[in-house]
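**Q** Spelled out from the first residue to the last, the chains are:
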Amino acid sequence: MKHLLSAGDLDAPAATEILDIAAEMAAVSGREIKKLPTLRGRTVVNLFYEDSTRTRISFEAAAKRLSADVINFSAKGSSVAKGESLKDTAWTLQAMGADAVVIRHPASGAPHRLANWVAGSVLNAGDGTHEHPTQALLDAYTIRARMGRIDGLHVAIVGDVLHSRVARSNCLLLRTLGAKVTLVGPPTLVPVELGEVSYDFDEVLKDADVVMMLRVQRERMNDSYFPTEREYSRRYGLDGARLRRMPGHAIVMHPGPMNRGMEITPEVADSPRSTIVEQVTNGVSVRMACLYLLLGGKS
Amino acid sequence: MPYSKIVLTDADVQRVVDRIAHQILEKTHGAQDVVLLGIATRGVPLSRRLAERIRTFENLSLPVGTLDITLYRDDLRQKAVRAVGRTEEPAGGIDQRRVVLVDDVLFSGRTIRAALDALSDLGRPSAVQLAVLVDRGHRQLPIRADYVGKNIPTALSEQVKVRLAEIDGVDEVRLESAA
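Chains A and B are the protein sequences, given in the same order.
Reminder that position 218 of the first sequence reads as 218 in my numbering, one-by-one numbering, no gaps.
Plus 299 on top of the position in the second sequence (first one is 1) and you've got my numbering.
None of these hints come from the bench; they were simulated from the model.
Backbone N, C-alpha and C fix where the C-beta goes; we use that ideal spot for every residue, glycine too.
Incorrect hints may have been included.
Stated by the list, open to error - Distance condition first, Cα-Cα at most 25 Å in a straight line; then the derived SDA-like pairs of lysine to any residue:
1. A/34 x B/422
2. A/34 x B/340
3. A/206 x A/298
4. A/35 x B/359
5. A/64 x A/20
6. A/64 x A/26
7. A/298 x B/469
8. A/64 x B/416
9. B/378 x A/70
10. B/378 x A/146
11. B/449 x B/422
12. A/35 x B/469
What the hints assert, rightly or not - Residues from chain B that face chain A, not an exhaustive set, calculated with beta carbons under 10 Å:
13. 372
14. 375
15. 382
16. 387
17. 388
18. 406
19. 407
20. 422
21. 425
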């Protein structure tokens, strides 16, 4: 594996290997000394053109636990703000000897372009409305850890699917791993080409093993995708009443950051059925596994 | 002419493991604070066998763990990325315990170097010892074993192949010419 650009590039054995290695990495994170010498001397650049807290910090923690050197490069207050192109930035990173570039960019496809310009590995940390493969991997890891398997489970992905790279990557990966995925949301926010679609949340949640709530991306809501937030919340929000209608073993996921009271109520978010905090913890282990697989061998 | 000769038969392997178990008991004065740590892959079944023998001989149950040293190797960049195996700390951890590392073949010593690094991240043992089924020489680091099943003089080009019933279906050690 040279780059990690799309969850669709992973077949079932490759994805399973990442999850298995992540499980070993999780053991390291539970020790007093949370550090491995594996990537000593390697340089990982976090290149973030969009705001992000958890993904950037998660990648930074993952790289540091593997002893790599980390350079954080955010677009704000850098040469990018002065108008430097992605290509010129790429060459700068290249000249600094980056072994891997973790990129988040508002334009779909930016990581693919970057992969052609740098010699090192490129990890997609979210590109526009396209993909976010490490989020899908950490979600798959969390599902496997909680439910014991992924194969044969029914996963409902609910909300603003249209703008969600998390939904797209999860769709690809979870189907590869044998889950049945149903996309749920208002017709304006669910593209039909991604597979099975439903506009009736109450119908789907009755037999869902996993309910994955998506953030309503207010910053991308320039058009009128739904009449009011209240109406959205009533039809597609997950509240205590809906939680109680889900099967007893079913879990609730959310990639964060949450709009509490909008797509998810605090009662649900803070319930023991919610995996939201575990997802953050697992993110570090999964990203350690990805960095190891990309940088741990002969380049 | 390519050759492949048996240097330890299944009965030899049994006797050697018995002897190492006795030596551990003798050298550690009863193995009271000893934990066994098998180095993946074939050190793991060996460590379990040693624990089983010591239970038979002295009615003493030693904690057993496994150590995968892949993430501590010094040659990661020379080969394609390697799979990572399981590391399981023995019950009760390794702090203040006498750790006996168990491996099948002692060769360059680099695996043991990596294992020592891994150990220091896991905790602080009171002492570390090394038990190997075969010592084939050609050390590249100042490392020696405390318990050796058999010393086998080898040429650098030769290969020592250890097979164990738990993994390979049969117990034997062979010395083979370069493939």
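**Q** It remains to establish, for every hint, whether it holds in the given structure.
**A** Hints, verified against the model:
In summary, the hint linking residue 34 of chain A to residue 422 of chain B is supported, as the alpha carbons are separated by about 12 Å, within the 25 Å threshold. Between residue 34 of chain A and residue 340 of chain B the alpha-carbon distance is near 24 Å, which keeps this suggested pair within the 25 Å criterion. Between residue 206 of chain A and residue 298 of chain A the CA atoms are separated by roughly 49 Å; this puts the pair beyond 25 Å, and the hint is violated. The straight-line distance between the Cα atoms of residue 35 of chain A and residue 359 of chain B is roughly 34 Å, outside the 25 Å bound, and the hint therefore fails.
This hinted pair checks out: residue 64 of chain A and residue 20 of chain A have alpha carbons roughly 20 Å apart, not beyond 25 Å. For the suggested pair residue 64 of chain A and residue 26 of chain A, the alpha carbons sit about 14 Å apart, so the restraint of at most 25 Å is met. Pair hint residue 298 of chain A plus residue 469 of chain B does not hold up; C-alpha atoms about 34 Å apart against a cutoff of 25 Å. With a CA separation close to 18 Å, the supplied pair residue 64 of chain A and residue 416 of chain B stays within the 25 Å bound.
Restraint check for residue 378 of chain B and residue 70 of chain A: the C-alpha separation of about 24 Å stays at or below 25 Å, so the hint holds. For the proposed pair residue 378 of chain B and residue 146 of chain A, the alpha carbon gap of about 35 Å is over 25 Å, so the pair is violated. Annotation: proposed proximity of residue 449 of chain B to residue 422 of chain B is violated, straight-line Cα distance about 30 Å (limit 25 Å). For the suggested pair residue 35 of chain A and residue 469 of chain B, the alpha carbons sit about 38 Å apart, so the restraint of at most 25 Å is broken.
Hint on residue 372 of chain B holds. Least Cβ distance to chain A is approximately 8 Å, under the 10 Å limit. Interface hint status for residue 375 of chain B: upheld, as the beta-carbon distance to the closest one in chain A is roughly 6 Å, under 10 Å. Restraint check, residue 382 of chain B versus chain A: the minimum CB separation of about 7 Å is within 10 Å; hint holds. With a least beta-carbon distance of about 8 Å to chain A, the hint placing residue 387 of chain B at the interface is held under the 10 Å criterion.
Taken as an interface hint, residue 388 of chain B checks out: its beta carbon lies about 9 Å from the nearest beta carbon of chain A, inside 10 Å. A least Cβ separation of about 21 Å between residue 406 of chain B and chain A goes past the 10 Å threshold, and the interface hint is therefore violated. Taking 10 Å as the C-beta contact cut-off toward chain A, the hint placing residue 407 of chain B at the interface is violated, the least distance being around 18 Å. Taken as an interface hint, residue 422 of chain B checks out: its beta carbon lies about 8 Å from the nearest beta carbon of chain A, inside 10 Å.
Using the Cβ-Cβ criterion of 10 Å, the hint placing residue 425 of chain B at the interface with chain A is not satisfied: the shortest such distance is roughly 17 Å.
The earlier numbered hints that this structure contradicts are 3, 4, 7, 10, 11, 12, 18, 19 and 21.
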